[in-house]
Amino acid sequence: MNFEEHAAKSLILATAGIPVPRGVLCITAAEAAMAAANIGPCVVKAQVPTGKRGKAGGIKLAASPDEAGQVAEKILGMRIGDYIVERVLVEEQGQIDREFYAAVLPDVTARKPMLLFSTEGGMDIEDIAAARPAAIRRLSIDIDGKPAAAEIDAMLAGLNLGEAAGQIARILEQLYGAFVAHDAELLEINPLALLADGRVVALDCKFVLDDAAIYRQTAVAKRGAAGGMTALEKRGAEAGLKLIQLDGNVGVLANGAGLTMTTMDVIRHYGGRPANFLEIGGEAYTKSEIALDLVLSNPGVKSLVINFCGAFARTDVMADGVVRAWRTLKPKIPVFFSIHGTGEDEAVALVREQLGIEPYDFMEDAVQAAVKAAQ
Amino acid sequence: MIVRRKDRIIVLGVTGKQGTFWTEKMMAYGSNVVAGVNPKRAGESHIGVPIFASTAEAVRTTGGDAAVMFIPPPMAKEAAVSAAQAGIKLLVVLTEHIPAQDVMAMHAAAAKHGTRIVGPNTAGLVTPGECFVGIMPAFVPSVFKPGRVGVISRSGSLGTLVCLNLTRAGLGQSAFIGIGGDPMLGTTTRDALQALDEDARTEAVVIVGEIGGAMEEDAAAYAKKMRKPMVAFIAGAAAPPNRKMGHAGAIVTGNAGSYASKRKALESAGVVVVDTPSQIAAAIAAGLRTSHHSGKIAGQPIGHSA
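One line per chain: the protein sequences are X and C, in this order. Numbers 56 to 430, taken from the numbering used here, label the letters of the first sequence in order. Numbers -4 to 301, taken from the numbering used here, label the letters of the second sequence in order.
It is possible that some hints are incorrect.
[As the list claims (entries may be wrong)] Pairs of lysine-lysine, DSS-like flavour, derived with a Cα cap of 27 Å:
| # | chain 1 | residue 1 | chain 2 | residue 2 |
| --- | --- | --- | --- | --- |
| 1 | X | K277 | C | K72 |
| 2 | C | K72 | X | K167 |
| 3 | X | K201 | C | K72 |
If you are wondering where the hints come from, they were derived from the structure by calculation, not from laboratory data. This structure is a prediction, so every number in the text was calculated from the model and none was measured.
Here chain X stands alone, though its shape is the one from the complex (with noise of 0.2 Å):
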């Protein structure tokens, strides 16, 4: 779960203690001046859970109220990625000396956190280490511990910090802190930054909460971005399903991510292009009824291959809910079925009797039909 930079600030940043920059959140151009007012030079940043927001020219900086009023203006409703600006926040300009990266998040391969930290803040940490990997210093931590105060020392030895060492070491503690305590898969700030004051300030602040935590995270949880989904995909999201519409035409219904892609990328190799990603696998195999409603809710939709390997999944208990959805909806296109594994032949026995169809032996025919079907 993906959250905007003024929420991962006060909820996460700030709570940990990690000082950020005063700022008002705005959703019309006049409170946006009215804020600058209290605050003085000011930058209008866009609010959405999405990089590349200066790019995009939803950041920029304003000396006055009026001025603040005008960008202000000029963010609200601009479309940066996927999503429409329907808020800015609006934060005290600093005078920026230095500019710092520093995040943690799972180190998968060693399956335990990792501190991160760089000299070349305000760049994407990708550039960074593509530009510069020897620029980025990491620390791997023990999850059953925190890291000690000495190994970040150690870390920020030899990067001439200067005075500002202390507060970076402190910051680095805290933010370790927030991310274990909030289940965070990714907990960035790029940049930090230190001002001419000498103050070290969060300017940026990236956030995303582990899907599976949530259920332990409700209080965060409640203010994660909810955008970014199509009206069908937060349909899937509140059967608990995992749906990802795409622009194809041939339908896809299968059982597990792996199979689910597998059948995506037959499709692709046989020249059709697929219209979804949804996948039943797991607990979930028990809802292929709403599940094949929503993969003919899809407009594009012109073909649909239904291809269960049952492990886990029962294939008899998901082709019934195909043939039950089937007829409530009787959709006018053509589908396509491969059916194996276990619960097999209960399976193939309903389709073939309820809804007269034969499945495929192969699933790579079915989808052969379907592409076909679908031209």
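Knowing the structure of chain X, use the given hints to seat chain C on it.
Frame of chain X; chain C shown alone:
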């Protein structure tokens, strides 16, 4: 991580609906289930399995070589850490959607106590004709049959399809190793590849990978040294970038973990990478013919069980 019939298996969460269903299937197939764990029902017997209050108590009474978890995400960490502390050497974690910090804590405990975790989010391990641990349709004869092809898969459903295609082509399996769909796995593709390389009954290996992470690239480095024929299929070639496809592991950012990167790494290590799952069996058969012909592997023709 190749399970054998002699391995004593403890089932955590045996009394739940799924625990009951799959434990019965495991036992009927030949798995040596010796104990179950549920603190609320200690002392009882469930589907013929004695129930203990803790994994440690079960280990003390019945012994235990492996444990399998039918435990929901909020309780998974505690169950796994307790199993590691109890001295379980092989822990199969089926649970999907365990918070990442809990997964890291499980791996830390496993490292400390010398436990090998398979998973999380694995469909389990199958040794066809012998036993299985997990939620795979080992008992469906059209899917699994004993043989000499080792199969490594992140996905249970796709792994099932691959075994089915092998069986239909007359190629039985020596072992199925489901490593799991999570991003942080206790057993990697490389670990599984090494186990199959060292397994005398395995003559060829199928790697069923997925986009995301660097496990296939890492496995390719090991594959370079192997003499057994290898075939791979990587799911996710058509996946849109930067979107999670269910398995949290399958997210592509930049070049790392992309389909192209994995395919290139595996091919340069001598692994045959195919475009669709039905091409796997023919590629394995061809690899086995070549290796038998060149005398790389001594043994009988494929399809005859050892």
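Results of checking the hints against the structure:
Using a Cα cut-off of 27 Å, the hinted pair K277(X) and K72(C) holds, with the two alpha carbons roughly 25 Å apart. Restraint check for K72(C) and K167(X): satisfied, since their Cα atoms lie roughly 15 Å apart, inside the 27 Å limit. Proposed proximity of K201(X) and K72(C) is supported: the alpha carbons are some 19 Å apart, at most 27 Å.
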